[in-house]
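Build the full structure now, drawing on both the sequences and the hints.
Letter by letter, the chains look like this.
Protein chains: 2
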Amino acid sequence: MIDNRETIKISIDTLGSETSIANIIKGLNTSFLRNDNYFFRLFGPKEKLNYELKKFSTLKENVEIIDCNEFVEMTDKPSEVMKTKKNSSMFKSIISILETDSKAVLSCGNTGALMAISLLNLKTLDTIKRPAIASIWPNVIGESIVLDLGANIKSDSQFLIDNAILGTSLATTLLKIKTPSVGLLNVGKEDSKGNEVLQKASHELSALDAKGLINYYGFVEGSDISNGLTNVVITDGFTGNIALKTAEGTARMIQVFLKNSLKSSLVSKLGAFLASFALSSLKDKLDPRVHNCGIFVGLNAPVIKCHGASDHIGITYAADLLYMLLNDNVNDKIKQNISKQVNS
Amino acid sequence: MIDNRETIKISIDTLGSETSIANIIKGLNTSFLRNDNYFFRLFGPKEKLNYELKKFSTLKENVEIIDCNEFVEMTDKPSEVMKTKKNSSMFKSIISILETDSKAVLSCGNTGALMAISLLNLKTLDTIKRPAIASIWPNVIGESIVLDLGANIKSDSQFLIDNAILGTSLATTLLKIKTPSVGLLNVGKEDSKGNEVLQKASHELSALDAKGLINYYGFVEGSDISNGLTNVVITDGFTGNIALKTAEGTARMIQVFLKNSLKSSLVSKLGAFLASFALSSLKDKLDPRVHNCGIFVGLNAPVIKCHGASDHIGITYAADLLYMLLNDNVNDKIKQNISKQVNS
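In order, the protein sequence lines correspond to chains A and B.
So for the first sequence, the working numbering puts the first residue at 1; every next one is plus one.
So for the second sequence, the working numbering puts the first residue at 1; every next one is plus one.
It should be emphasised that the hints constitute simulated quantities derived from the structure, not laboratory data.
Do not take every clue at face value.
Identical chains share a label here; the pair holds if one copy fits it or two copies do between them.
Capping the alpha-carbon separation at 27 Å, the derived lysine-lysine pairs in BS3-like fashion look like this [said to hold, decoys possible]:
| # | residue 1 | residue 2 |
| --- | --- | --- |
| 1 | K129 | K46 |
| 2 | K86 | K193 |
| 3 | K176 | K60 |
| 4 | K211 | K189 |
| 5 | K193 | K77 |
| 6 | K103 | K129 |
| 7 | K333 | K129 |
| 8 | K154 | K189 |
Nothing here was measured: the structure is a model prediction, and the numbers come from that model.
Next up, the structure:
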């Protein structure tokens, strides 16, 4: 059988985070075994990368190493990185989108720097003014896409509308939902709630809904994110960031309470032991290695920022997501959605 | 022994929510047994109130009933209630602060209406421009005060500073912390994070800290609320409301996951049975009947809004909180803190 599928190539920034190169390679290998037309352009120390690749002979034939030892520190200021870190693994991996056939970037490094370098070099798609950071959130009945989680802290109604288009395209690709419902995060569901920016955005989204361009639900509240009321939840980057971190903090707190409770007596310790399989499945559902993956969307190439302390599972998850985004041509979908809106 | 303590009188709005009068009376009785110089002025249907009071003979001698059948609906608009519902149990209970020796109000009714009626009639304390809604949040190491949770959706730096003063006074009274630390909610801890309003507020809070008037920590993130990094977390009412509801939704989602996981096999069911005592203590820690209690602070009299579906436990908790606030003269503390700030 002839394999007609095109190779999907992405660039990996392997430096600048707590995640070890061993974990990055192990994670990429797992994704490669599932997505065998994948190819990785690895930016990092050649010797170390080659050493780790020895363990994975098939993967080794499907990577290119660009030797690179300089990297962006977690404490580097985005504005300075642009001038001083042009030889860093992060900068070079982004630039490779312009200079090679790499179609996306994966990094575990400094989020602010990654966004700044990406925005400056990859530029935004068509009418999109600013990219957003999106993530897949677990909810009671499945998963939803939430954006923006921190790219734009200023609230602006056009930006919220852009988020609706970007979020819809992501949900179609990543959640396989044909016409995903979109909720606009507010302090209540009634039409009268919220400030002028939200009122204006809601009005315009309703108009797009009437034209069949967006499946707009209306306002949703913080609790609706985990209820799964809508497939997509849109908000500004300030509110989204607070919501994300509050949810993460709450989940961590409950896990601490649960652990302490279950250790409180011998009987409950035994109970916890018997229920350990069930409890570990709960832990998987809330795994921050998976859910802390930020998708930069609205750029001319998708960029994924893995959690800075990801292990191989987080890397595999991120690489799988990028594969889905590229295999399903998410940016073409976004462009189509934008052009429908512009021409409506 | 002569009891020199003054009777502490509060007004209770017993209508306009899902909470039954039976639960309200039962809840008040539990608080009364702990705080025996408490006196309740009950606004609601006389016959029904008397019927429920029959069960609690000592309490019965420490209440006054103001017969009232009209009430504010959950769907009533705050602006209209002011004109059309002057004979409602809610309106009358607030007015009783001006006309009787009641010092505070407890209601389970419509939050927006309760805030509007309270603001118009009770007015704000000294230099405080707008009251805030505060709540006690559980965290990994104890509890913290978070405000504003929805009174003011506009962000304004003076309002954030007022929240710091109000939150400090509440933490001193309710958490018994002498100089509570105050964190300003932002998307990161670095000084450069956030918008102009946050920058300005942080700058002014640092100045108040330098004068020893506030124990200002600096910026905190969403995850720090449940970390317990600071005793008080201040934010605008839009962000606070989103954070609160996101946290509640996350806690509910995890409880659903946990319940489903523990039912997934016979062994885990047995484990859950053995650990049931420990698991119910976890449930208590996250009890929304307790944590959904909103304290309206910054008014000339404290008002507490219980959750609309509170049972007797929620009512007891709210009545206990009001007792602490009045017994400790929280409003005098707030006034002292304001005057120190004004004269600094």
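request  = Please name the hints from earlier in the document that this structure breaks, with their numbers sorted from lowest to highest.
outcome  = Checked against the structure, the hints that fail are numbers 1 and 3, while the rest are satisfied.
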